[in-house]
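Visitor: Residue strings, one per chain:
Number of protein chains: 4
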Amino acid sequence: MKKTFWMIAIALLLAGQGVVAQSKVYDNLSLPSKILKSDRKFAIYLPPNYEASQRSYPVLYLLHGAGDDQTGWVQFGEVQHIADKAFAEGKATPMIIVMPDANTGQRGYANDPKNEWRYEDFFFQELMPYIEKNYRTKPEKRFRAVAGLSMGGGGTFTYALRRPELFSSACPLSAATGPMNLEMTKATLKRAKPEVEYTDAEVEAYYKRQSVLELINAVPDDKKKAVRWYIDCGDDDFLYEGNSLVHIAMKKKEIPHEFRIHDGGHTWTYWRRALPEVLGFISDAFHQY
Amino acid sequence: MKKTFWMIAIALLLAGQGVVAQSKVYDNLSLPSKILKSDRKFAIYLPPNYEASQRSYPVLYLLHGAGDDQTGWVQFGEVQHIADKAFAEGKATPMIIVMPDANTGQRGYANDPKNEWRYEDFFFQELMPYIEKNYRTKPEKRFRAVAGLSMGGGGTFTYALRRPELFSSACPLSAATGPMNLEMTKATLKRAKPEVEYTDAEVEAYYKRQSVLELINAVPDDKKKAVRWYIDCGDDDFLYEGNSLVHIAMKKKEIPHEFRIHDGGHTWTYWRRALPEVLGFISDAFHQY
Amino acid sequence: MKKTFWMIAIALLLAGQGVVAQSKVYDNLSLPSKILKSDRKFAIYLPPNYEASQRSYPVLYLLHGAGDDQTGWVQFGEVQHIADKAFAEGKATPMIIVMPDANTGQRGYANDPKNEWRYEDFFFQELMPYIEKNYRTKPEKRFRAVAGLSMGGGGTFTYALRRPELFSSACPLSAATGPMNLEMTKATLKRAKPEVEYTDAEVEAYYKRQSVLELINAVPDDKKKAVRWYIDCGDDDFLYEGNSLVHIAMKKKEIPHEFRIHDGGHTWTYWRRALPEVLGFISDAFHQY
Amino acid sequence: MKKTFWMIAIALLLAGQGVVAQSKVYDNLSLPSKILKSDRKFAIYLPPNYEASQRSYPVLYLLHGAGDDQTGWVQFGEVQHIADKAFAEGKATPMIIVMPDANTGQRGYANDPKNEWRYEDFFFQELMPYIEKNYRTKPEKRFRAVAGLSMGGGGTFTYALRRPELFSSACPLSAATGPMNLEMTKATLKRAKPEVEYTDAEVEAYYKRQSVLELINAVPDDKKKAVRWYIDCGDDDFLYEGNSLVHIAMKKKEIPHEFRIHDGGHTWTYWRRALPEVLGFISDAFHQY
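Protein chains in written order, with our numbering: chain Z, 7 to 295; chain C, 7 to 295; chain V, 7 to 295; chain R, 7 to 295.
Pulled out of the complex, with its shape left as it was, chain Z reads as follows:
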């Protein structure tokens, strides 16, 4: 009886004080996808006080690279420790961070050229609505951002360049900037699925959707300032050329963008160093001056 009393006392105490008000990370959640005909996994970071409070939060979609999955930013990226610290120090403002799996079934953030695997459609038509329905997010563009590394940096580029109405900030890190031309597009598709034949029209359409340089050149004048860009790629990264050319192309096109080259290569050490800056940069849109 005394035991029961004390257990209840503990429970009340903890509940009453909002004791477990620390941030939380779940890395094995899932949602059903009709588009991808399967359950899809995602990880989520909920900021300190998320459950105790009733306020709503901005949301960052944070994309992993090739060979990784929804657990990458959690395990290797130390997202919880880094976000907790950035929020506690006031360098960024609390937000929800969503990390979807783009590895299972087929790798990548794109719809394939034949629209048989439509990951991008899943992202916009199923994942985003699911998050905004099931978590207390602020559902306006201003309070939504996208970031990612390597293949996820490519996803960040293509999503925000083609859907500037959805994201206030986009932060590609060490980004794969897509095929440089039609030949490279063909070769890439061939390597991914040797058994599939694509028409020239399919290849060209895919190239135009996935080449970051093509997408930059296609930005209409009235959308040049639609997204706040923060682009970062180490000086020892093998993706130096695409990122340098993106910097030149955006300059010539007069698309405002922050661009950084720090010391380092294509490594988690680089991305963990970059993450607090990314969180701070996107908070500047969530904030108001």
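Be aware that a few hints might be false.
Just so you know, same-sequence chains aren't split out, so a pair can sit in one copy or run between any two.
What the hints assert, rightly or not - Taking lysine-lysine and the DSS-like style, the derived pairs with C-alpha atoms no more than 27 Å apart in a straight line are:
(1) Lys30 to Lys97
(2) Lys199 to Lys47
(3) Lys91 to Lys144
(4) Lys47 to Lys147
(5) Lys196 to Lys258
(6) Lys47 to Lys139
(7) Lys147 to Lys214
(8) Lys144 to Lys30
(9) Lys139 to Lys30
(10) Lys229 to Lys257
(11) Lys199 to Lys40
(12) Lys214 to Lys199
(13) Lys229 to Lys147
(14) Lys231 to Lys214
(15) Lys147 to Lys30
(16) Lys47 to Lys144
(17) Lys30 to Lys91
Read the hints as simulated data drawn from the structure, not as lab findings.
Go by the hints and put chains C, V and R onto chain Z.
Guide: Then chains C, V and R, alone, in the frame of chain Z:
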């Protein structure tokens, strides 16, 4: 013995979790208002340990500016992070912070000239009693303060100048100081509601209630020291004239007041910098020397 | 003999190491003035390394207040300690600081209405050329600044408003802003020299030369940005009105200026706090971005 | 006994003065040049204890940009404060810093196409020997570095790419990377001296000497690692294209190089931030591991 076991268990549990009863913010609460004939939203900040403790707290009413609502100080003002930090560092003493919505329905903190929309009456007759009934506030003047920015700085001025018996401290930031004369009053009312006609008496009464300079000149001798004032307006703020004239008028009238002009404009950056000073200043009244 | 040996050794050692490379202050120098028909005193601060190096330096003219003389900023203002610290911390860039006596003979920085005592002429025609000839100053406007407190704040205003071609920065602290109108001008002149009669034309000319508000209103459009202004006056200063009106007048006239009101009165505590900010502000002109 | 007295006297004197043999800067020295048929100015930074010690030092040639002269790094670049601090904190090792004037007579660090103005020859045949004869420098490649900004970044590139036997480190900041092709070369020469006619051979030879991309492509295999490179150019710099292409070209050519893009433009603020990193980077060659 079992009791001892559980006491130790609790102690270990709390120690192990690094228990901190964190502050909480709710940004979507509401109360029913007969005066405004609708539910009215408000946000509230409850200090660390609020729920675990049984003590009562001072309360600050913190007013948002035009175009914002009860979430402004939460999202853009970083009230939770800033208040937590100020309390943790001992620069201010824990208090409850109430942030009501003055945007929905009709914008502003005033009763309109025809007393059809009576926000001020709602504030004093419904909101304050609701807060003091439903939260553990100290219901004396000494432990009650009001602050706000821009339009909310105007609300701070008018509320505290006309109700000096209710607030020990008042802190208008980058305040709108109301109409300068009757013509400006007419023009402002016209712009807000072109379809309404006001009598000269209505305009004049409204002017006398909303002009901060008029209210200062009307302060009776025995009320000059009734409220502690902290007034702050950036040197790049477009509201420079009203605030400079308030400084001169209060000096000539010998109303004690702290006055600050820092570097900056009409921005959240300015108000986030000011907030810790405001919390510290009003705490000096909650304290005892 | 041994004594001689060691004296030489010390001398060589000190000379060779540039050991006495600390900053120096002389507070009792003088130059001959034909205009004022007497020797005039001044104090000077020479930055660390001044003598050892052969480089040239920017120069700040730093004016004392009424009742003080060239030793004021040295003794009460702690100019050496404060400047040394600001330069060592990199908050300001090394400069020469000249502090002339405007107390002896007749008080103030102006020519009198009858041009019998011509301190302003002495300043520009004798003091400045003397300094630039005898010290390694950079003799361009860009590298010349003026600052001062109270009466010296008034001198700062009048000198820089009427000679914008000479100063890149001007920093009046707790400034006397001159007479508000002709009556006040007459009264001031009467109080200073009861025995002298002035014609109306003399009074008006003097008023137009010494009233800061008049001088601001007379600034031609192409000179509005000729001088960088940093104006600071405490919220408890008795000179609150003139300084607040200067802020309003410069805003309306669209003359860019930094304006600050900190906590404090007409005290050396206030000016010692302000001095590092002044040194930093004027260094921004000596620097290049 | 007298000896003892004087030894104590010295000790007290030195202790009392807080003796630090400070660094020195001279910004108005000159050397005679037969090649340029005139005296040429230079500034020099001598590290703390230079004169007291008898040791020799590494030397950095630090080049100014277009429109500036030998005083630029002293006044705007704060070379003394920044170098003192870097050495005191152990982030770099003491060195002599030489800043020659490349503005007087004709602007730039190159020989002109007709070899009538031979600044580069002056630099290598007169300035460097003069410095190494008159100051205690270590005259080996290992202890010699070159750095510079804008036009001086171009000088850094061309000098170190063509004379890799002379410099262990080269640090071009916000560098002008020279003409992109023959047409641009012709246009640049025309703009500088409209009255002079150049033969095609002269233009091509000049282009190959001044185009950084051409020089990179011409680096022989056995010289790829001859110089340690630290290249830095802000993301808002108008020289973004040349520097980004240099990064790509050096990568493809497998020339090891540190490359940085920080936040900022073509400003002294950027270069003052970069200078400590430059001093640290070149010190790594002066050091031994």
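Visitor: Each of the hints needs a verdict: does it hold here or not?
Guide: Hint check:
Proximity of Lys30 and Lys97 under a CA criterion of 27 Å is satisfied in both settings, with 19 Å inside one chain copy and 20 Å between copies. Taking the shortest alpha-carbon separations for Lys199 and Lys47, only the intra-copy value of 24 Å comes in at or below 27 Å, while the best inter-copy value is 53 Å. Taking the shortest alpha-carbon separations for Lys91 and Lys144, both the intra-copy value of 22 Å and the inter-copy value of 25 Å come in at or below 27 Å. With identical chains, the CA atoms of Lys47 and Lys147 are at most 27 Å apart both within one copy (24 Å) and between copies (23 Å).
Only between protomers do Lys196 and Lys258 lie at most 27 Å apart by alpha-carbon distance; the minimum there is 26 Å, versus 33 Å within a single protomer. Both within a single protomer and between protomers do Lys47 and Lys139 lie at most 27 Å apart by alpha-carbon distance, with minima of 17 Å and 21 Å respectively. In this homomeric assembly, Lys147 and Lys214 come within 27 Å of each other (Cα to Cα) only inside a single copy, at 25 Å, whereas the closest approach across copies is 42 Å. Taking the shortest Cα distances, Lys144 and Lys30 sit within 27 Å of each other both inside one copy (19 Å) and across copies (18 Å).
Taking the closest pair of Cα atoms, Lys139 and Lys30 come within 27 Å of each other both inside a single copy (19 Å) and across two copies (23 Å). For a Cα distance limit of 27 Å, the shortest separation of Lys229 from Lys257 inside one copy, 15 Å, qualifies, whereas the shortest one across copies, 33 Å, does not. Taking identical chains as interchangeable, the C-alpha atoms of Lys199 and Lys40 lie at most 27 Å apart only when both belong to the same chain, with a minimum of 23 Å there against 51 Å between chains. In this homomeric assembly, Lys214 and Lys199 come within 27 Å of each other (Cα to Cα) only inside a single copy, at 19 Å, whereas the closest approach across copies is 47 Å.
Within a single copy, Lys229 and Lys147 get their C-alpha atoms as close as 14 Å, which meets the 27 Å cut-off; across copies the closest is 45 Å, which misses it. In this homomeric assembly, Lys231 and Lys214 come within 27 Å of each other (Cα to Cα) only inside a single copy, at 21 Å, whereas the closest approach across copies is 40 Å. In the homo-oligomer, the alpha carbons of Lys147 and Lys30 lie at most 27 Å apart both inside one protomer (24 Å) and across protomers (26 Å), since each shortest distance falls under that limit. For the homomeric pair Lys47 and Lys144, the shortest alpha-carbon distances inside one copy (22 Å) and between copies (17 Å) are both at most 27 Å.
When the C-alpha separation of Lys30 and Lys91 is checked against a cutoff of 27 Å, the pair qualifies both within a copy, at 14 Å, and between copies, at 18 Å.
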